[in-house]
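Chains as they are written, first to last, in the working numbering: chain V, 1 to 275; chain L, 1001 to 1358; chain R, 2001 to 2271.
Keep in mind that the hints were calculated from the coordinates and are not lab data.
Only a predicted model underlies this, so the values are computations on that prediction, with no experimental measurement involved.
It is possible that some hints are incorrect.
In silico SDA-like pairs for lysine to any residue, Cα to Cα no more than 25 angstroms straight-line [as the list claims (entries may be wrong)]:
1. L/K1310 <-> L/G1184
2. R/K2096 <-> L/I1241
3. L/K1238 <-> L/A1178
4. R/K2177 <-> L/I1253
5. L/K1238 <-> L/L1323
6. R/K2258 <-> V/P4
7. R/K2096 <-> L/K1065
8. R/K2177 <-> L/K1238
9. L/K1130 <-> L/R1150
10. L/K1130 <-> L/D1165
11. V/K86 <-> R/K2096
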Amino acid sequence: MLLPLLAVSGVAVGLPLAYAFYLSLTNFSLTQQGPAGFVGVDNYQGSLTNEGLWSAIGTTATYVVIAVTLETILGLLIALSLQKQKWARDITRSMLLAPMFITPIAVGLTFRFLLNDQLGAIPYLLDGVGISYDFLGTGNALLTLALIDVWQWTPFMVLLLLAGLESIPKQPMEAARVDGAGALYIFRRITLPLLVPILSVAILLRSLDALKVFEYVYATTRGGPGTETETIQYFTYQTGIQFFRLGEASSMAFILLAIVLPLIIILFRRLDRAK
Amino acid sequence: MGTVGLKSVQKSFGDTTIVEQLDLDFPDGSFTVLVGPSGCGKSTTLRMIAGLESVSGGTITINGKDVTHLEPRDRNIAMVFQNYALYPHLTVLENIAFPLRATKIPREAARQRAQEIADSLGLGHLTHRKPKELSGGQQQRVAIGRAIIREPAVFLFDEPLSNLDAKLRVETRSELLAIQRRLGVTSIYVTHDQEEAMTLSDRMVVMREGKIAQVGTPSEVYSSPTNVFVATFVGSPKMNILPGVLEDSTFTIESGHSWSLPHAHAGSVFVGLRPEDLLLVPDDRGHAVIEQIELLGPRAVVALRLSGVKLVSVVEAAELASLAVGKAVTVTFRPESTHLFDGDTEERVPTQVLQREG
Amino acid sequence: MSSRTLMSALRGAFLISALAAVLFPLTWVTLASFKTPQQLNDPSLIVFQPSLINWSYVFEAGILQAAGRSAFVAGITVLISAIVGSAAAYVISTYKAGGSATRFGILAAQVLPPAVLVFPFLTLAYVLRVNDTLIPLIFAHLSFVLPVVTWFLIGFFDSVPRSLEEQARVDGFTRFKAFLLVVLPQVYPGLGAAVIFGFTLSWNDMFYGLILTPSKSAILPVAIAGFNTFRGVELGSMSAAILVAVVPVVIASFFIQKRLVQGISGGAVKY
């Protein structure tokens, strides 16, 4: 019964993965006429010394750290509030979770225009209180994109953390209240430690997802200003699709995979333990 | 017809053996209970008979046919699990009728048969409910109904009463027995509760660590346990076991107290005395002191201490007048009611009272 | 005011601001889709005479066909994933088939950056001469939807008691029949949520869609991006296109929330 899964996965994932690895060892280019030449680790060498790639990795890392940190904190606050909420629970939750289901390109484009200084509502409102901020300008662009990520993906954290909060046993907290502990103390010493398993799973999942960021860049800055918002996925896309250097792009993708693999392993272990 | 035979049946995982070389026969129509503490292998044995667990060695036959490697569905058995395993998405009627879906019996006939069985079990008015809408006792009856409908050769029960509260358990027990008698189907029942085993079985199989400790009728097992383990496992409160030495018809325990015990055997022994056979004589210079008295209606359980050894006796409520906590008593017993076990093997020593002269 | 009521008020205010933050961009887009190009020039315009000009434009431009293609790709992907995934999830959950390696593989496939797989898909598509069909896209989508659906279902199968299947086997059914008639029905709610979630993931993808489908037969997210043209702002039409993509999915999301967590965490957290 497992066979079909293995068969389909084999074709959909295994094969491409293997072929991608092969590609990464060639100098394949879509514009080429002849067959691809085997260049061994040249691509990898080239990529590993490619400043653009490392800059992209750095940019993406910054993006992920900012976005996921904000999402975790906000997500926790919202989840805590939702847990205690008494009125209109289901509707509120449904509405708060909606953003994560929207196709990311739509979110990117929406914010592109919401933040546009001529047509967007937000600069208009900020102007009303005397603030002028160039959202997608130099120095601000990456932060702005991270905030878009926060808008869309905090609900994901809320979802997981809310479930975590509802599944931790209530007795330790009740016992602490009976013993006279204050709300903050209970949270710090009891709730938070009990949440650590699901918290770490959520952070890992979200981080792995956040580093794939592409659509927001594609919708707004296309990597600019300069290379400020050139994330890994976007950089690889450019190398492969805009410059047609598939072999090189593949090698970059595998370097990314190598970086990401330890995270996946950690996530796997955590999930096993959480069970 | 439903005879079951186990020959040298064994179950092992790597180096650990869970069930060792079991030889057991179950006559047609009998109600056999496999009983023992957790981990003794009783459930594993049952599951091997069912075909849910593979056999590491030996053969299992049902009605003479070798079923050792057959799938459960080909063995003509029915089983009731501890949690009843009712199908949550089906109604009571559909649950009972479900086994017939694997046969060629048409749907309508199956439903009718299921209705009859439901009626006979007092569930006739509940047939459209889903399992979660039923009480524990009702769920259990649905499970039994589902087992009956196949008219199997053997019924297998895996601790079906453990999830019921005490009172319900006793009621359901007698119902179960009545059903079995009525249908006459060979039944094999697993439980850890020795009281359940005693009341339900024609034959008890006491198991320990993968081996059979004793097979017999409840009264045989109760009155003639073959070793210390069975002696203390069956019967509540537990049999008192006194280690000591038997020599020249005198039994002496470590503290020096002794009793006359006419018996040819000599050596280190365990003397077993059921609480009801332990006699207490109020005596100011008695060697035992009463520590606790628990009144259970017509009887009372009296806990004593005899020079550091704890003993339990059961007395009639009427006798309590002369007993009180803290009072001293002398402990005696009738020699015929002792159970003698070898000090090393813990096996029963046949009781031979010394012949009297003349 | 007691500290209890203060906390309650703060909480309420906080949640309301969160709600506002969520609804604001969505409302803005909805409004924009009904504004004419002139009206769009004024960001402060809230009360206005609505116009359907954008909507008729996007329909003419083929937005519904794009949506149809997205639905088609998502539908096939989800169908295959449901069948293959439930069988696999069942054996993985019940018999621990494939061991940790398989489960790790399933997790890894879900979180793999698309950049790794997209180029081989592209090349293979050309080699097999299917590069102007939706087939490469379906396979690309399968590469992450199938693992997600399987992962989801493993958690749900984990919560079905083993004795249910054993009872069915004793009652006279083969293992497969027992799975089909007894075990599978227990996870129907989870399967439903997995299918909706998988559909959403496929529906929302733009990266693979951008690279693997010809621009003539773009899928919905790519079509939306298409309104972001060199002519600059086609804001109104784009807003309408966005709503076409967003509304069905958000509505569907209302139905699956309860089961979502159990699925995402692979059963690690029961909601």
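The hints, checked one at a time:
With a C-alpha separation of about 45 angstroms, the suggested pairing of L/K1310 with L/G1184 is violated against the 25 angstroms cut-off. Distance hint between R/K2096 and L/I1241 is unfulfilled; the C-alpha atoms sit about 47 angstroms from each other, more than 25 angstroms. For a cut-off of 25 angstroms, the pair hint linking L/K1238 to L/A1178 is broken: about 29 angstroms separates their Cα positions. Proximity of R/K2177 to L/I1253 is assessed by CA-CA distance (about 64 angstroms); at most 25 angstroms being required, the pair is judged violated.
Among the hinted pairs, L/K1238 with L/L1323 is consistent with the structure: their alpha-carbon atoms are about 21 angstroms apart, no more than 25 angstroms. Proximity of R/K2258 to V/P4 is assessed by CA-CA distance (about 29 angstroms); at most 25 angstroms being required, the pair is judged violated. For the given pair, R/K2096 sits about 33 angstroms from L/K1065 by alpha-carbon distance, which is inconsistent with the 25 angstroms threshold. In summary, the hint linking R/K2177 to L/K1238 is not supported, as the alpha carbons are separated by about 48 angstroms, beyond the 25 angstroms threshold.
Between L/K1130 and L/R1150, the direct Cα distance comes to roughly 21 angstroms. Compliance with the 25 angstroms bound is thereby established for this hinted pair. For a cut-off of 25 angstroms, the pair hint linking L/K1130 to L/D1165 stands: about 22 angstroms separates their Cα positions. With a CA separation close to 42 angstroms, the supplied pair V/K86 and R/K2096 exceeds the 25 angstroms bound.
The structure shown violates the earlier hints numbered 1, 2, 3, 4, 6, 7, 8 and 11.
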